[in-house]
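Chains A and B are the protein sequences, given in the same order. If you count by numbering that gives the first Met the number 0, then the first sequence holds residues 0 to 296, one letter each, in order. If you count by numbering that gives the first Met the number 0, then the second sequence holds residues 0 to 232, one letter each, in order.
Don't read these hints as lab results, they were simulated from the structure. From the three backbone atoms N, C-alpha and C, an ideal C-beta is built for every residue, glycine too. One should not assume that every hint holds.
To be verified - Pairwise CB distance ranges (calculated):
| # | chain 1 | residue 1 | chain 2 | residue 2 | range |
| --- | --- | --- | --- | --- | --- |
| 1 | A | Tyr269 | B | Lys129 | 56 to 64 Å |
| 2 | A | Arg199 | B | Gln138 | 53 to 61 Å |
| 3 | A | Ala26 | B | Gly127 | 29 to 37 Å |
| 4 | A | Arg199 | B | Pro117 | 29 to 37 Å |
| 5 | A | Arg11 | B | Gly127 | 30 to 38 Å |
| 6 | B | Lys227 | A | Arg199 | 39 to 47 Å |
Said to hold, decoys possible - Stretches of chain A that chain B covers, calculated by requiring three or more beta carbons in the stretch to come under 8 Å of a beta carbon on chain B:
| # | segment |
| --- | --- |
| 7 | 168 to 180 |
| 8 | 195 to 205 |
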Amino acid sequence: MKAIRVLSRGIRDAFKSVFRNFSLTTAAITCSTITLLLVAVAMIISYNVRSITTDLEKELTIIAYLKQNTSEEEINNLKEEIEKLENVKSVTIKDKDEWKIELKDYDETFKNSLDYFDENPLLDSIVVKVKDVANLKETTEKIRAYDIISSADYGEEAAENIVSAFDIIEKFAVIMVAALVLVTSFLISNTIRLTIFSRRSEIEIMRLVGASNAMVKLPFIFEGLVLGVLGSIIPILITVYGYIILYDHFGGHLLLSLIRLVEPFNFIIYVSLLLLLIGSVIGMIGSYLSVRRYLKI
Amino acid sequence: MNLIQIKNCYKVYNNGVTAIADLNLTIQKGEFVFVIGASGSGKSTLIKMLYREERPTNGSVIVGGINVAKLRNSKVYKLRRKLGIVFQDFKLLPKLTVYENVAFALESIGMNSKEIRPKVLKALESVGLKEKVRSFPNQLSGGEQQRVCIARAIVNEPKLLICDEPTGNLDPETSKEIVKILDNINKEFDTTIIMATHDKEIVNRMKKRVLLLENGVLTGDYMKGSYKAHESN
Ligand SMILES: Nc1ncnc2c1ncn2[C@@H]1O[C@H](COP(=O)(O)OP(=O)(O)OP(=O)(O)O)[C@@H](O)[C@H]1O
Ligand SMILES: [Mg+2]
Numbered sequence: 000m001k002a003i004r005v006l007s008r009g010i011r012d013a014f015k016s017v018f019r020n021f022s023l024t025t026a027a028i029t030c031s032t033i034t035l036l037l038v039a040v041a042m043i044i045s046y047n048v049r050s051i052t053t054d055l056e057k058e059l060t061i062i063a064y065l066k067q068n069t070s071e072e073e074i075n076n077l078k079e080e081i082e083k084l085e086n087v088k089s090v091t092i093k094d095k096d097e098w099k100i101e102l103k104d105y106d107e108t109f110k111n112s113l114d115y116f117d118e119n120p121l122l123d124s125i126v127v128k129v130k131d132v133a134n135l136k137e138t139t140e141k142i143r144a145y146d147i148i149s150s151a152d153y154g155e156e157a158a159e160n161i162v163s164a165f166d167i168i169e170k171f172a173v174i175m176v177a178a179l180v181l182v183t184s185f186l187i188s189n190t191i192r193l194t195i196f197s198r199r200s201e202i203e204i205m206r207l208v209g210a211s212n213a214m215v216k217l218p219f220i221f222e223g224l225v226l227g228v229l230g231s232i233i234p235i236l237i238t239v240y241g242y243i244i245l246y247d248h249f250g251g252h253l254l255l256s257l258i259r260l261v262e263p264f265n266f267i268i269y270v271s272l273l274l275l276l277i278g279s280v281i282g283m284i285g286s287y288l289s290v291r292r293y294l295k296i
Numbered sequence: 000m001n002l003i004q005i006k007n008c009y010k011v012y013n014n015g016v017t018a019i020a021d022l023n024l025t026i027q028k029g030e031f032v033f034v035i036g037a038s039g040s041g042k043s044t045l046i047k048m049l050y051r052e053e054r055p056t057n058g059s060v061i062v063g064g065i066n067v068a069k070l071r072n073s074k075v076y077k078l079r080r081k082l083g084i085v086f087q088d089f090k091l092l093p094k095l096t097v098y099e100n101v102a103f104a105l106e107s108i109g110m111n112s113k114e115i116r117p118k119v120l121k122a123l124e125s126v127g128l129k130e131k132v133r134s135f136p137n138q139l140s141g142g143e144q145q146r147v148c149i150a151r152a153i154v155n156e157p158k159l160l161i162c163d164e165p166t167g168n169l170d171p172e173t174s175k176e177i178v179k180i181l182d183n184i185n186k187e188f189d190t191t192i193i194m195a196t197h198d199k200e201i202v203n204r205m206k207k208r209v210l211l212l213e214n215g216v217l218t219g220d221y222m223k224g225s226y227k228a229h230e231s232n
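With the rest of the complex left out, here is chain A:
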């Protein structure tokens, strides 16, 4: 009961003081809004990148063509050897007859030109799946080094570029967010400092009449919390509506059809809750800094 009373008084005071120091409050809330928006964007990008990367990882394979007239035994030996390579997950043989069937199905022109040859002009190949896309290039080069390999390549170079571009964006976002979190905590802590200053006679009396430290500190911690929470409202709304609109607009796909966006639900709920949490934590850290510094008790 007492806790509830203390709590409600704290929240009431916090709101009062938010309006009292309006300009600084606005600055703090704006800053935390910007910060949280960036956090939201960063989270959406990074979450999607991760999901895209896993998608791509499934897709990305090395196809190595063998030289003409390689015997079946040689192919099997090679398969075993490549399987032993570090980054290799699986190796399957796809011989020229399989290619022929596949290509004939794929396109009428292919079918006609392939039929033109008596013998199958295509090459036998092996398909290699890797464990880590990051080392795809190296693995490809190792495979290329075998004598009986005529060429080896991996499919989506473009996709790989996208992944690494996203990687840079992600790192940049993390740095930006970290910097903004600092600025926001600083602004919030300044707001709280002003509140503490404007309420110093109240604080003095509270202490003289026997308010516990928690009672004296709580209103300010609450104020920070309120600032953080107010700062997270707009980012949450933008995340929820923005992501749904984005998702619908692209029909869930981006750029290449193989890049799929994460489904909005429960993703945006998860992001929103996280924004609220981050906002509250930043607010409380900010106010804690000031309370610790200016309310030495």
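Based on these hints, arrange chain B with the ligands on the given structure of chain A.
Just chain B with the ligands, lined up with the frame of chain A:
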């Protein structure tokens, strides 16, 4: 029963000033005690140690069973809840009404408003300010403001009321009224009262126990009525 027990107490401020030296003193529950002495003699220092605004440098100061010298900062509130403090400058919150100023003391210790209301009204009645509950401090005379301060100090029914020159800013007539109110509180609720003052006339007239401080040393402890100051100063 000793409400206050002070033994071999010293207070040396950071700047090297010894404000209280080797003080030994006991005050019983229900007493009314004046603390007098020239300016700088250490009256406020003694008062401040009682509510742990200042910490004794040496010795022990026990108030209501709590050793102030050893009390940790985070536990000071436990001591403060047992006593009321009346200030020379009232320390009222200008934006709160009389009622709210008194209620503030109880709100601050987490009491709920149902319990608060009757206590506040009772305290304001004790100081004769029941009609002024809705006034703001700047609408009151100095004496009335001091009465609000007293009401706030007694609202939680403390065993001990500490007053540092409560009449210092008031004219002689008003000062008399204030001391009369304190005397009533002392008699009615058996509240122990310690009052530092410069006002010799009041001290002479009230015939209470008097502690005389000189340069931080307790040079006189006069039992009820045995002290007679020279009006001439
Ligand atoms: N915070 C402090 N820091 C350093 N010295 C102090 C402090 N407070 C008081 N003093 C010194 O301690 C001595 C006693 O001061 P105190 O305020 O207790 O006197 P007082 O009897 O209350 O005087 P007055 O009648 O003028 O109020 C004085 O010499 C004063 O200068
Ligand atoms: Mg003094």
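We went through each hint and held it up to the structure:
no.: 1; hint: Tyr269(A) with Lys129(B): 56 to 64 Å; verdict: 58 Å, holds
no.: 2; hint: Arg199(A) with Gln138(B): 53 to 61 Å; verdict: 23 Å, violated
no.: 3; hint: Ala26(A) with Gly127(B): 29 to 37 Å; verdict: 48 Å, violated
no.: 4; hint: Arg199(A) with Pro117(B): 29 to 37 Å; verdict: 31 Å, holds
no.: 5; hint: Arg11(A) with Gly127(B): 30 to 38 Å; verdict: 32 Å, holds
no.: 6; hint: Lys227(B) with Arg199(A): 39 to 47 Å; verdict: 43 Å, holds
no.: 7; hint: 168 to 180; verdict: violated (count 0)
no.: 8; hint: 195 to 205; verdict: holds (count 5)
Hint compliance for this structure: hints 2, 3 and 7 are not met, and every other hint is.
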